[in-house]
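Enquirer: Below, each chain spelled out in residue letters.
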Amino acid sequence: MIVFYLVLGSVFGFALSRSGAADYNFIQGMFLFEEFQLYGIIGTAVALTAPSLWLLKRYGRSLTGKPLVIENKPGHRGNVYGGILFGIGWSITGMCPGPILVNIGEGKLYALAALAGTLVGAGAFGVLYPRLVKPFHLPPIQVGTGEG
Amino acid sequence: MNLILNDLSPWHWAAGGAVISAVTLTLLFVGNRRLGVSTGFENVCSLVVQTPYFTRDALRGTNAWRLPLLGGLLIGGFLSAVLGGGWEPFWDLGMFDAEIGWGNGGKLIWMFGGGLLIGFGTRLAGGCTSGHGIFGMSNLELPSIVSTVSFMAAGAVTTNLIYRVIL
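These protein sequence lines are chains H and A, in that order. Take the first sequence: its letter number 95 is residue 95 in this note's numbering, and every next letter is one higher. Take the second sequence: its letter number 111 is residue 111 in this note's numbering, and every next letter is one higher.
What the hints contain is simulated information worked out from the structure, not anything from laboratory work. Virtual Cβ for every residue (Gly too), placed ideally from N, Cα, C. A portion of the hints provided could be inaccurate.
DEER-style ranges, computed between Cβ atoms [as the list claims (entries may be wrong)]: (1) A:Gln50 x H:Glu71: 34 to 42 Å; (2) H:Tyr39 x A:Asn63: 30 to 38 Å; (3) A:Gly106 x H:Pro140: 35 to 43 Å; (4) A:Trp91 x H:Asn72: 39 to 47 Å.
To give an idea of the chain A side of the interface with chain H (calculated C-beta under 7 Å), a few residues [claimed, not checked]: (5) Ser9; (6) Gly16; (7) Ser21; (8) Thr55; (9) Gly61; (10) Asn63; (11) Leu74; (12) Val82; (13) Ile100; (14) Trp102; (15) Met111; (16) Phe112; (17) Gly119; (18) Ile145.
One side of the interface only, derived from the structure: several residues of chain A facing chain H at Cβ under 10 Å [said to hold, decoys possible]: (19) Phe29; (20) Thr39; (21) Ala58; (22) Phe78; (23) Gly101; (24) Ile118; (25) Phe120; (26) Gly133; (27) Met152; (28) Ile166.
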């Protein structure tokens, strides 16, 4: 299955690269409301995925016949505050998590610094988790904030 | 507008969205997994950091699929360059170069700082553009809609502050 996930990630990365989703100018153009490209990409992805997902959930099984497992993400204050911090970071770097890796693959050297910062940020979050549970009403540590 | 990468002309947005949707659905139907990239950074951390958050089974149990998916994203970017005019390391950063104009060292600091916010913020929010924006919104999950509105709004405010107010 490792090969399956590698190939799937490669297709995902190729599409992010060629569609403009991993491009600094297109991200700024989205946030300046000057470029429709990213709204079109995300809108199309959601418009196609939502009805297919509904059908797949009704079918209820994966390819191998096992019950489909979809854990809904928990709601908590981190959704808003974390979302705001991430949005600022997305604007600064022009990269969301997938495109950080895509940009490194493309050869953009500064993306290595974005990855280093992201790993330090995620690491700090995990280390500080016990102290963040109360102020942000986060789920217990075994559960986490939601896998995404 | 063309891409910074080799000045390639971008796909039509509908093609990009369709491939991303196909990846999302394939991952669910074949792998029985919900799409999400940002947790993968925790999986990377779990290889090094030995605190309770990183050693829990709910996280480590997903290393076997999230780490290859992250590796695939690197390969996808690499192939995009190789098949689209050639791969070589570069520093070009589009309108950042034109309007902010910092050198390579400045870009590294800028990107590292932004990365800190991405890593901490996505994990506090419980997802990023893929997990909340694509999968969670498609699944009509309220926390995902709240997160997506939050990061889109914060990004728009930040970019407008940088390029329309400060500059």
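Enquirer: Against this structure, judge whether each hint is valid.
Expert: Okay, the hints, checked on the actual structure:
1. For the pair Gln50 of chain A and Glu71 of chain H, the supplied restraint of 34 to 42 Å is violated, since their beta-carbon distance comes to about 25 Å.
2. Between Tyr39 of chain H and Asn63 of chain A the CB atoms are about 34 Å apart, so this pair conforms to the stated range of 30 to 38 Å.
3. The beta-carbon spacing between Gly106 of chain A and Pro140 of chain H, approximately 42 Å, falls within the hinted interval of 35 to 43 Å.
4. Between Trp91 of chain A and Asn72 of chain H the CB atoms are about 42 Å apart, so this pair conforms to the stated range of 39 to 47 Å.
5. At its closest, the beta carbon of Ser9 of chain A sits 9 Å from a beta carbon of chain H; the interface hint therefore is violated under the 7 Å criterion.
6. Because the smallest distance between the Cβ of Gly16 of chain A and any Cβ of chain H comes to about 3 Å, under 7 Å, the interface hint for this residue holds.
7. At a threshold of 7 Å, the smallest CB-CB gap from Ser21 of chain A to chain H is about 4 Å, leaving the interface hint in force.
8. With its C-beta approaching chain H no nearer than about 10 Å, Thr55 of chain A sits outside the 7 Å limit, and its interface hint is violated.
9. Hint on Gly61 of chain A is violated. Least Cβ distance to chain H is approximately 11 Å, over the 7 Å limit.
10. Proximity of Asn63 of chain A to chain H is violated relative to the hint, the smallest CB-CB distance being about 11 Å (cut-off 7 Å).
11. A cut of 7 Å between beta carbons decides the hint on Leu74 of chain A: the least distance to chain H is about 4 Å, and the hint holds.
12. A distance limit of 7 Å between C-beta atoms decides the matter here; for Val82 of chain A the minimum to chain H is near 10 Å, and the interface restraint is violated.
13. This hint is violated: Ile100 of chain A has a C-beta 11 Å from the nearest C-beta of chain H, more than the 7 Å allowed.
14. Nearest Cβ of chain H to the Cβ of Trp102 of chain A: about 10 Å, over the 7 Å cut. The hint is violated.
15. Because the beta carbon of Met111 of chain A sits about 4 Å from the nearest beta carbon in chain H, less than 7 Å, this interface hint is met.
16. The closest approach between the C-beta of Phe112 of chain A and any C-beta of chain H is roughly 4 Å, which is under the 7 Å cut-off, so the hint is satisfied.
17. For the restraint placing Gly119 of chain A at the interface with chain H, the shortest Cβ-Cβ distance is roughly 2 Å, inside the 7 Å limit, so the hint holds.
18. The beta carbon of Ile145 of chain A comes no nearer than 9 Å to any beta carbon in chain H, farther than 7 Å, and the hint placing it at the interface is violated.
19. The beta carbon of Phe29 of chain A comes within 6 Å of a beta carbon in chain H, closer than 10 Å, and the hint placing it at the interface holds.
20. Hint status for Thr39 of chain A relative to chain H: holds, with the closest Cβ pair at about 5 Å, below 10 Å.
21. Annotation: Ala58 of chain A was flagged as interfacial toward chain H, and the flag holds, the nearest CB pair being 6 Å apart, inside 10 Å.
22. A cut of 10 Å between beta carbons decides the hint on Phe78 of chain A: the least distance to chain H is about 4 Å, and the hint holds.
23. Hint status for Gly101 of chain A: violated, given a least beta-carbon distance of 14 Å to chain H, over 10 Å.
24. Interface hint status for Ile118 of chain A: upheld, as the beta-carbon distance to the closest one in chain H is roughly 4 Å, under 10 Å.
25. Using the Cβ-Cβ criterion of 10 Å, the hint placing Phe120 of chain A at the interface with chain H is satisfied: the shortest such distance is roughly 4 Å.
26. For Gly133 of chain A, the interface hint holds, since its Cβ comes within 10 Å of a Cβ in chain H; the closest pair sits about 6 Å apart.
27. Among the interface hints, the one on Met152 of chain A holds; its C-beta lies about 7 Å from the nearest C-beta in chain H, closer than the 10 Å criterion.
28. The beta carbon of Ile166 of chain A comes no nearer than 12 Å to any beta carbon in chain H, farther than 10 Å, and the hint placing it at the interface is violated.
Hint check: violations occur at hints 1, 5, 8, 9, 10, 12, 13, 14, 18, 23, 28; the rest are consistent with the structure.
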